[in-house]
Amino acid sequence: MWESVFYKEWLKIRWFIVGYTLLGILCIGYLFLTLKHNFAFTGGKNVWNTMLFQGHQFYSLFKYVPLAGGLVIAITQYLPETINKRLKLTFHLPLAENNGLLLMQAFGAGSLLIAFLIFGGLFTGFSLIYFPIEIVADAIITILPWLLAGFAAYFMAALVVLEPNRVFRFLYSLVGGCFLTIYFASAGTAAYGPANSGLFVLTVLLSIAVVFSAYRFRKGEM
Amino acid sequence: MEKISRYIMIFIAVITLAIFIPKLYWTVFEKPIRKPIMHYSCISKQFMINRGEKEWTDAKGNQCSRDEYERMLPMMFTKQLLASGTLPDSINGTALDMRAVSREKSFFRLKVNEVDAPAPRLYPLFESRSGRAQLELPEDFFRITWRVDFIDAATNQILEEKSQMFSAALFHNGFSFPAKLISGLPTQRKSCDEGYLIVDSKEQLFHLKMIKGKPLVKKVDIPDGLNFRYIGCVDFKNKDFYAYLVSGKNEIYILTQDDYKLIKWPVDRYDPATCDLKIYGDLFNYTVIIEAEDHIKANALSPDYQLVDTFTESWKTKEQLQEGKIFASIFPAQLSMKSDNSKFVRFYFTPSKGTNWLLFNMLLLVLHFAWLYVRKAKLKNHWVDMGIVAVSGIYGVIAIHLFQNKFFD
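So the protein sequences, as listed, match chains A and B.
Counting in the numbering used here, the first sequence runs from 1 upward without gaps.
Counting in the numbering used here, the second sequence runs from 1001 upward without gaps.
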């Protein structure tokens, strides 16, 4: 049964996840082309110096890319389910009530994870060409909350889209929007080091948030 | 699972509300606390205090005009007094030589959030005697792990020969790898290069420079048991010392130039985790200002670093003012991702002082109970919600009504 659920989800999001991943790869390609240009024009020592002592982050363009991915995938995956209350069909599958929904969630989150792993792999691999491990590690610490924000945005957006009551949909959007800002506090390179483990736990906890909206949906909240 | 997902969302909402509602409260109600600005007068031999845009006093509280205030601080307002023609020819029998005034003038500031901050792990080692008028940024950067590595920035490759030469120089001087603390001035905007002060894994202090491409390593003799938590290198015109050093016991030391003497300054009540430090130096005195959230302590030192005067003043913090007391009565705690005392992002949890918030929580609990009673809800399904209200107060009340449990009744 899980193969069928995954196939249904794949049909819904395939162009969006493929398009998003390609755009993300283009973004990373652009970052490193710019970096290569800066190395050629200002010299490696000046690039390193501005990164180490002036807080320059050549990857700042990437900041909201994971967030956009989470929102796009959640909307393309769950908005069709709200049209004519199609989600009801999921609850009539020969699965425990929440399992169908959690399989959908697992597919969406897994797709995002694959996209983010590709981004992370490319970013780390190219970075190691230009920088020693100390600079790359600090960059990863800086980027990690942005990637976690992508997952958090996906989980929160799923909760909001499936919420049947408009007033609560607005209120949950408000809570979700405010909550997501904690991943984007203005801070220097590697400043998120002590917070990343806590953010990871919160993001994992959020992964079953959608069950709450689905429960309200099933019980006919309007 | 529905219940678990609801409690998770309540938890997320409580965290969000505990960050944003206090932030909103303080944005609306916080009043600025004007902290006094203090300098030691080499003329009147007492601290002069500026308490605002139009209030100047001496340490005894006597009011004075702005002109009088500036005349008492000729080393601070030298340009102004020169412009108005009121700069004295001599002070305390010492003729004022403008070159000497300029040479002895110095300023050092260590903000509390600079101590608890991410530190770079790579540094440029400048050529100290390049023969050039201006310092040039080197092509490579060094790190100290189990040895010294110099890495070429253009190729990202380790410069093996240079790395081995510097590693050997440190090793032969008794350096114990890796480094615990590296401090220098990694900038070209300085009068000359004095390299780096490095604390090794055994808390020993070393000075490392590069002269004509060769390492110069000097081990500094420090008393047993002394260790340093912060070193702030300086580039003052008088070249009296290399750095201000803060020990593990929060004492302030200087390391004199060339003869490497550690001199402890007679200054106490400084904690780099909670206090800003400002040190003004001039021809006649060093003024050490220690500024905490609720008080300021000013110390005046003679040129030979003896304490000549101190002045302390305290004020109410925002938590002690009326708006702070109201805050502590309504909100059980405040959560923030950032702090004035650190550059790290963390979950900064600050519980409210006192127990008034507990009374407010109980009031909210009673109101919630009444609301359940009116709705004829089954109380056994609401014990956890009531526990959430009792602990998290106003945040919990909002959260449980955002993520309602009416379907679980």
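Because the hints were derived from the structure by calculation, they are not lab data.
If you're wondering where the values come from, they're calculated on a predicted model, not measured in any experiment.
Any given hint could turn out to be false.
To be verified - Pulled from the structure, derived: some chain B residues nowhere near chain A, Cβ distances all over 10 Å:
1. Glu1127
2. Thr1187
3. Gln1320
To be verified - DEER-style ranges, computed between Cβ atoms:
4. Glu1293/B - Lys36/A: 31 to 39 Å
5. Phe16/A - Glu1293/B: 49 to 57 Å
6. Arg1066/B - Pro194/A: 26 to 34 Å
7. Gly198/A - Lys1054/B: 44 to 52 Å
8. Thr1086/B - Tyr64/A: 23 to 31 Å
9. Thr1086/B - Lys36/A: 53 to 61 Å
10. Trp15/A - Glu1160/B: 21 to 29 Å
11. Gly177/A - Lys1031/B: 23 to 31 Å
12. Ala1083/B - Phe41/A: 39 to 47 Å
13. Pro194/A - Leu1367/B: 35 to 43 Å
Cβ atoms here follow ideal geometry from the backbone N, Cα and C, with glycine treated the same way.
Cross-check of the supplied hints:
Look at Glu1127/B: its CB is around 13 Å from the nearest CB on chain A, clear of 10 Å, so calling it non-interface holds up. Interface exclusion of Thr1187/B from chain A breaks down, the closest Cβ pair being 7 Å apart, not more than 10 Å. The Cβ of Gln1320/B sits about 27 Å from the closest Cβ of chain A, beyond the 10 Å cut-off, so the non-interface label holds. As the Cβ distance of Glu1293/B to Lys36/A is approximately 47 Å, the hint placing it in 31 to 39 Å is violated.
For the pair Phe16/A and Glu1293/B, the supplied restraint of 49 to 57 Å holds, since their beta-carbon distance comes to about 50 Å. Separated by about 46 Å at the C-beta atoms, Arg1066/B and Pro194/A break the suggested range of 26 to 34 Å. At about 47 Å, the beta-carbon gap between Gly198/A and Lys1054/B stays in the expected band of 44 to 52 Å. Roughly 57 Å separates the CB atoms of Thr1086/B and Tyr64/A, a value that falls outside the hinted 23 to 31 Å.
At about 60 Å, the beta-carbon gap between Thr1086/B and Lys36/A stays in the expected band of 53 to 61 Å. A C-beta distance of roughly 51 Å is found between Trp15/A and Glu1160/B, which places it outside the suggested range of 21 to 29 Å. A beta carbon spacing of about 29 Å between Gly177/A and Lys1031/B agrees with the range 23 to 31 Å that was offered as a hint. One distance hint, 39 to 47 Å for the beta-carbon pair Ala1083/B and Phe41/A, holds here, with the actual separation near 45 Å.
Distance hint for Pro194/A and Leu1367/B: a CB-CB separation of about 38 Å, consistent with the stated range 35 to 43 Å.
Violation of the numbered hints given earlier is confined to hints 2, 4, 6, 8, 10; the remaining hints are satisfied by the structure.
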